[in-house]
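S.K.: One letter stands for each residue in the lines below.
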Amino acid sequence: MKALPGTWGHVKLLLRKDLVSEWRTKERLSPMVFFVLLVLLVYNFGFELGGAALWEIGPGVLWSSFVFASLFGLQRTFAAESTNDCLDAILVAPVERGALYLAKMLGNVLFLLAVQLLTLPLFGLFFNLTPGLYLLPLLPVFALGSASVASVGTLFAAMAGHSRLREFLLPLLVLPVLIPALISCVAATGVILAARIPGHSPAMWPPELTVHVGMLGLFAVVFTTLAWMLFDFVIEE
Amino acid sequence: MISLPAALASLSMLIAIGAVFLYAPADTPPQMGSTWPYVQRIFYFHVSAALSAGISYVLVFVGSVQYLRTRADRWDRFAGISAELGVLFSAFVLFSGPIWARPIWGVFWRWEPRLTTMLITFTIYVAYLMVRSYGEPGERTQRFAAVVGVIAFVNVPLVHYSINMWAADQQQHPVQVELDPAMQQTKLICYFAFACLYFLLFRLRLQQERQAARLQVLQQASHA
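So the sequences go chain by chain: D and P.
This note's numbering applies: residue 1 is where the first sequence begins, and numbers increase by one.
This note's numbering applies: residue 1 is where the second sequence begins, and numbers increase by one.
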């Protein structure tokens, strides 16, 4: 007989289930990517994008469209489980609540990261961003930014269904808590994009980037740990 | 009949107002300009309110953790009332800050780090109150609120640190100056008055909440 999987085994199983279902339906990825495109369009008519504006507002435009799109994605974290009472079935199974949180959180990280990587070319196109290796440090910023959003977002998404505010509740909770992470994301992205300003240091990893990425890492670690600990209290029925 | 805490709060607040406007000297450092002696007096209440707000947020955290540990309704009430007072006093800080800033900096708002931190903290606790007021009344909403109460509190130092980093060139807050003894005394009188007011409001809300809970029990009993 096969041994029962441990916590990590459960995480992997739950994560795989979500990824397979997403792969088959594209229920979250396609609308999120499309939404980022729409936000970029709206910003284009709100500001004069392109040219010199890139250094000024580019990082802010990029991250605010990601954050707004991610709010839609996060709403769906537990939505699929409400059909046929799937969530109850998972809770009845001998699976730790913490494993459920980690699986859902990692799933959200992967979705958000995928959206960011898929929409970066769009952003580059609209902002006349020169493609190049100097963009490589965006990868850890995207990864940690996604982890920050997903850490609190997954926890609060589990609450949202039970409030009369419904889909209002998630943005109201996530946005103010996320501000420290958002500041670091925008600052780090600004530092990376500034490598192309004439006269700026062409260094691949400017020293000030470490501060912002470190801050993001701190945020992601603190809130993932805290949310993982608190998840039991949210989901206990 | 007026209760003792109400009498104490009213009296101490009157004394505080008197001290702020009549007792505290209008000390004018030469670099501060002519409006400074009047405008500066808002700080006695501004700082007292900020202190009250800060204490409230600590109490929300304590109440939330205790609720999650014990599941006792009284800790939930304790956290909820503290959050209401925190939001109330933060709102006062966010009003009095710009009133001071306008004559001194020429603008009402300039994303000064401490005030910005207060604004973000304020929004987090408003969201906390929304979790409470828009949830179905009952144990689940109490749990959710407690979880948000813990997250919100842990976030405060991160907000503070990142805002300071973000606004490194915005550090325009008046530097700590050696306070005149009369100013020092006025400050302490204001702290005391705000403590009395805090206690009074806390007690009033607690009595109200207890009555509401009792009423609910009676209603349920009458329906049964």
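Some hints could be false.
[Stated by the list, open to error] If you want the footprint, here are the derived chain D segments under chain P, 3+ residues with CB under 8 Å:
(1) 14-22
(2) 114-128
(3) 159-171
[Claimed, not checked] Over 10 Å on every C-beta distance to chain D, these chain P residues come out as not near it, computed from the model:
(4) 3
(5) 58
(6) 72
(7) 95
(8) 131
(9) 135
(10) 152
(11) 161
(12) 163
(13) 166
(14) 184
(15) 214
(16) 218
(17) 221
[As the list claims (entries may be wrong)] Away from chain P, derived, C-beta distances all over 12 Å, residues of chain D:
(18) 76
(19) 151
(20) 155
(21) 175
(22) 176
(23) 180
(24) 197
(25) 207
These are calculated hints, taken from the structure and not from any lab test.
In this text, all values refer to a predicted model and were calculated from it rather than measured experimentally.
Each residue gets a CB set at the ideal place from its N, CA and C atoms; glycine is no exception.
S.K.: Each hint: holds or not?
M.R.: Consistency of the hints with the structure:
1. 14-22: violated (count 0)
2. 114-128: Contact hint for the segment 114-128 of chain D vs chain P: violated, 0 residues under 8 Å.
3. 159-171: holds (count 6)
4. 3: Residue 3 of chain P is indeed farther than 10 Å from all Cβ atoms of chain D, at 36 Å.
5. 58: Check passes; 17 Å lies beyond 10 Å.
6. 72: Holds: least Cβ distance 15 Å, greater than 10 Å.
7. 95: The assertion about residue 95 of chain P holds, with a minimum of 19 Å to chain D.
8. 131: 7 Å, violated
9. 135: 5 Å, violated
10. 152: Violated: least Cβ distance 7 Å, not greater than 10 Å.
11. 161: Incorrect as stated: the minimum Cβ-Cβ distance to chain D is 7 Å, not above 10 Å.
12. 163: 7 Å, violated
13. 166: Check fails; 5 Å does not lie beyond 10 Å.
14. 184: The claim stands: residue 184 of chain P keeps its Cβ more than 10 Å from every Cβ of chain D (closest is about 35 Å).
15. 214: 25 Å, holds
16. 218: The assertion about residue 218 of chain P holds, with a minimum of 25 Å to chain D.
17. 221: 26 Å, holds
18. 76: 19 Å, holds
19. 151: Non-interface label on residue 151 of chain D violated, nearest chain P Cβ at 10 Å vs cutoff 12 Å.
20. 155: Non-interface label fails for residue 155 of chain D: nearest chain P Cβ at 7 Å, not farther than 12 Å.
21. 175: Violated, because the least Cβ-Cβ distance between residue 175 of chain D and chain P comes to about 8 Å, which does not exceed 12 Å.
22. 176: 4 Å, violated
23. 180: 4 Å, violated
24. 197: 19 Å, holds
25. 207: 14 Å, holds
Going down the numbered hints, you'll see the structure goes against 1, 2, 8, 9, 10, 11, 12, 13, 19, 20, 21, 22, 23, while the others check out.
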